[in-house]
Each structure stands twice: as C-alpha cells, then as structure tokens.
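Q: Residue-level listing of the chains:
There are 2 protein chains.
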Amino acid sequence: MIDETIRPRLGIIGGLGPLASADFYFKLTRMTEALRDNEHVPAVVLSVPQLPDRTEAILAGHDGPLAPLQAAVSTLNALGVTFIAMPCNTAHHWYGRLAANSRAEIIHIGDAAVTEIRRSLGHGRIVNLATRGTLVSGFYQNRISAAGFELCLPVGSEFQERIDNAIALVKAGSIADAAIETECALHLARLAGADAALLGCTDLSVVAASLNITKRLIVIDSNTALARACLTRLGFGAQEARGPPTVSRLAGQDRSPWRAGPRASWPRGGR
Amino acid sequence: MIDETIRPRLGIIGGLGPLASADFYFKLTRMTEALRDNEHVPAVVLSVPQLPDRTEAILAGHDGPLAPLQAAVSTLNALGVTFIAMPCNTAHHWYGRLAANSRAEIIHIGDAAVTEIRRSLGHGRIVNLATRGTLVSGFYQNRISAAGFELCLPVGSEFQERIDNAIALVKAGSIADAAIETECALHLARLAGADAALLGCTDLSVVAASLNITKRLIVIDSNTALARACLTRLGFGAQEARGPPTVSRLAGQDRSPWRAGPRASWPRGGR
Numbered sequence: 001m002i003d004e005t006i007r008p009r010l011g012i013i014g015g016l017g018p019l020a021s022a023d024f025y026f027k028l029t030r031m032t033e034a035l036r037d038n039e040h041v042p043a044v045v046l047s048v049p050q051l052p053d054r055t056e057a058i059l060a061g062h063d064g065p066l067a068p069l070q071a072a073v074s075t076l077n078a079l080g081v082t083f084i085a086m087p088c089n090t091a092h093h094w095y096g097r098l099a100a101n102s103r104a105e106i107i108h109i110g111d112a113a114v115t116e117i118r119r120s121l122g123h124g125r126i127v128n129l130a131t132r133g134t135l136v137s138g139f140y141q142n143r144i145s146a147a148g149f150e151l152c153l154p155v156g157s158e159f160q161e162r163i164d165n166a167i168a169l170v171k172a173g174s175i176a177d178a179a180i181e182t183e184c185a186l187h188l189a190r191l192a193g194a195d196a197a198l199l200g201c202t203d204l205s206v207v208a209a210s211l212n213i214t215k216r217l218i219v220i221d222s223n224t225a226l227a228r229a230c231l232t233r234l235g236f237g238a239q240e241a242r243g244p245p246t247v248s249r250l251a252g253q254d255r256s257p258w259r260a261g262p263r264a265s266w267p268r269g270g271r
Numbered sequence: 001m002i003d004e005t006i007r008p009r010l011g012i013i014g015g016l017g018p019l020a021s022a023d024f025y026f027k028l029t030r031m032t033e034a035l036r037d038n039e040h041v042p043a044v045v046l047s048v049p050q051l052p053d054r055t056e057a058i059l060a061g062h063d064g065p066l067a068p069l070q071a072a073v074s075t076l077n078a079l080g081v082t083f084i085a086m087p088c089n090t091a092h093h094w095y096g097r098l099a100a101n102s103r104a105e106i107i108h109i110g111d112a113a114v115t116e117i118r119r120s121l122g123h124g125r126i127v128n129l130a131t132r133g134t135l136v137s138g139f140y141q142n143r144i145s146a147a148g149f150e151l152c153l154p155v156g157s158e159f160q161e162r163i164d165n166a167i168a169l170v171k172a173g174s175i176a177d178a179a180i181e182t183e184c185a186l187h188l189a190r191l192a193g194a195d196a197a198l199l200g201c202t203d204l205s206v207v208a209a210s211l212n213i214t215k216r217l218i219v220i221d222s223n224t225a226l227a228r229a230c231l232t233r234l235g236f237g238a239q240e241a242r243g244p245p246t247v248s249r250l251a252g253q254d255r256s257p258w259r260a261g262p263r264a265s266w267p268r269g270g271r
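Protein sequences, first through last, are from chains P and F.
Take the working numbering: the last position of the first sequence gets the number 271, and nothing is skipped along the way.
Take the working numbering: the last position of the second sequence gets the number 271, and nothing is skipped along the way.
Among the hints, erroneous ones may be present.
Each pair of labels, with its calculated beta carbon distance range [unchecked claim]:
{"no.": "1", "chain 1": "F", "residue 1": "132", "chain 2": "P", "residue 2": "97", "range": "43 to 53 Å"}
{"no.": "2", "chain 1": "F", "residue 1": "120", "chain 2": "P", "residue 2": "96", "range": "49 to 59 Å"}
{"no.": "3", "chain 1": "F", "residue 1": "237", "chain 2": "P", "residue 2": "78", "range": "42 to 52 Å"}
{"no.": "4", "chain 1": "P", "residue 1": "158", "chain 2": "F", "residue 2": "132", "range": "34 to 44 Å"}
Hint data in this document are derived by calculation from the structure and do not stem from the laboratory.
Built from N, CA and C at the ideal position, the CB exists for glycine as well.
Just need the whole structure built from these sequences, with the hints factored in.
A: Here it is as structure tokens:
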C-alpha cells in the first residue's frame, strides 16, 4: 500500500499524550548521528489522541484503549514498518496482546528504560514517577527488581498527587507549572532516599529539560531511553541528546488553566 | 485501509528536514487550544528524509523529488486525511502538481506565511531567509508583492551564504552555530532596511526561539504560520506558541561538525 521509495522503518504511536510524542520525535531526531537529511530514520508518527484514557481504563479494569491501539499497530504494519515505538508508558499495559498481533517488533519502553538506568548507575534505589495506571500494571516493578535495583516509594499521598498534577498540567500545556510539580515530587523522592528517579511517564519527559533539582538525583527520561533503543535496534548511531528541547518560561504565557486545583507550592516536607 | 476510530485528519509530510518537521509537530501541538489529550488534532507525520535534495533539483532543472512527494501525498490520502501540510518551503516548488493529484487539500505554506506577515505588520519591507531553490521557484516573491509588501534583498553574496550555512548547520544538528549564522543574516537584513524577516525555510524555524537579534526586526516563522493555518482550517482553536521549543546551548555538546566551512563569526558589515 506504500511506495517502496518512501517506506518508513519506524512506526510511532503518538498522541498519548500529544506533547509527549512531539518530545519523543524531537529527541529521536536530535539523538540521531546525522549530518544530512537522508541520514535520518524514515519514520511515521500516527497520532491517536482520541484514545480512551489509559489510567482510567486500567483502574476500572476494562480494555477500552486496546482496540484503537490494535488498529494503530495494524495501520503501521500495513505501512511496512519494521519496528514500532509507543512513547506512552501506560499504554504498555496492553503490550503483550499488541505484540502478539504485530509483524513489526514493538520496542518495550520498560526494557529501554532499564537499559538507560544501567547506563547511569550500577545499583541503588530507583523511584518511578509514573501514572497510577502504570503502577497498577506493574511492568516496571518487575523489570527494575529483576535488574538488581531497589524500588523506592516515598510514604504519604503527596508524592503521587504531585505526579498526577504534573501530568495533567503537561496535557493542559502548562509546562512551567508542571516542572514545579515534578521538582516537588523529586524533592520528596530524594528525602525518601532515592538515588535515581525514572520519569516513567512520557508527559514528564516534556519537562525533563526544565528541571532544576537534578544535581543530587540522577534523572532518567523514558522518552530518551526509548529513542536510544529505537536508534540502536534500527542500526543508527545514537548520541547524547545535544541540547534537548526545553520550554522557555515566558511571563504570563504559560499559566495554569485552572483557578483551583493543582498547587504549584513547595511540598510539605520543606525545601 | 484505516479503522475509522483512529482516522487522522491532518497529514504531514515530514523529514524535509527532520528537525524542521519535529519543530512543526511540536509547534502545532503547543499552539492547539487544548486542556486534554483528546482535544488535539488526530494527525499523521510521514517522514521521508531520503527524498532527493529539493534545492539541487530546482537549480539543476529536474523533478527528482516529485515522484516520492507524490507517493507521500497518495499514502496520506489513503490514510483518509482531510488536509496535508508540508513543513518544507522548497518542496512547494511542486505544489501545483501535488495538489492536482490530491483529494485532501494541501495547505500552502506561502499563503500561511503571508497571512502571518499580515498579523504582524500592515506594510513595509520584507526580507526572505530561504533556500536558493525557494528563491528560484519564486512563489514567495509573487505572494509578498501581491499582498502589498515590498521585497528587500541585501546586496552582496554574504547574506545568502549565511542562510545556506545556517540551514546546513541545522541539518547537521548544530543549532547554536546555526542561530549565530541566522543572526548574522538578520543583521545584514536590518542594515538593508528590512522591517520584517520571514524565516522562509523551516530549517530556520528550528532556531527561531534561539535568536537574540529580534528586537529591532519583526521575525516571522513559516512553521508557526503553517501550524496556525492548519489549526484554523481544521476548526481548532490556535493560540500563540506558549513557550516554543528552544535548544539550550550546552557547552561542548553542540559544536560544528566541520573543521573548516561555515563560519560562525560576525558579518563584515560589523555589529
């Protein structure tokens, strides 16, 4: 169905969320060792933002997102891709059933993230900043433990509340406020004794370059991890993300869309 | 060929160049008035970086890029899109033949850019930072004149050389050096009496947020213009790009890949 001269090699299921997939596509491109256009990966991003909310489905115990995810996988296979990437951690809850029905290999973001953690440290305590759906799904806990790392979870509800706020703020386009919420969660993680923090939700990858609290905590970005894994599997040279995209904090142009709701104040644990 | 639940409405021909299309996709997403994933445009980016060089083809008088561009248009039509965007100005040399063979409307970047110029000023002198291919193609000169603006072209060869350097540097991933070259070209444009500068090559859109010389010259970005035009035609709310992606200048991580070649020194006209 596609002319061989323009056949993409990598298929990307995007829109989950939209900024997260834009961030992934930017990082994939920026990390490719290339000096000219034609040294880059021929790819296709199929953005399906109308998919039902993944975390809601997992918590409610239904498979609403599976059928449209499967449709996206089928379309990408029809376009002739060799590999598929889903820059959405939560969607990997359905990985097994999607992979079983795909000719193209789906590169698992959890495997990519654990490889990325190993690039940064050999042992220690890892905290995962993820959606409640990803946590319930459990694929990260298994992988991190199996790799010999210890899982670290800050006590109390505030840690996850900050993460939930940050993710919602990214989806609403308020990157600056999302970065503050993420920094609060990272602060709580450090107080809880974490050595490294995994941004195990690609919405949080969007704020990775805007974080100011990374000096005393190793931060691992699941979008960067997935981009590196894709380039490696495709046989392309991968380099460190040279000047990753950041979002400037323009005064008055990046306010929270909510009057009440997510707080952008420092956590109760103190600075 | 595609499940209706995930049918994209906007098709994007990407990879021309790769960072330029990543920048476009990021800006399109960032400019969409949305608070949740499902309020975003269902879209597909078909990245075809292996396409023959557009400027080389135009200068040599052949149509090498036309067949793969037509194949991309056909694929996007088969995926059911309503509109197509090409975030590459030079590729619009073949707009007429592509549009004639597409059910989906191809949104012309030149029309979008002139609309964007009109948002910023009512009359004045416009300088176009474009590839030599786009300049030979001539579609901008016609549109800018027809809209009542005066075209401004700095004398001497340095202006276009700086632009050529900047474009090549973006393609090689050296954003910081590309920004310096672009600033040099903008400086020459200001000396030549320009009121506004059009970044009429989407590779230059990548450096738009990194420019430091924009205070005394209105800078119009063709990627932002095309993103706004797409959102408007699709019936989506468009807002100013809130905190557009910028590329941080990390010391030692963004050096020029060439030992000789493009200069990153200030132009002969003096600062």
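Q: Flag every earlier hint the structure violates by its number, smallest first.
A: 3, 4
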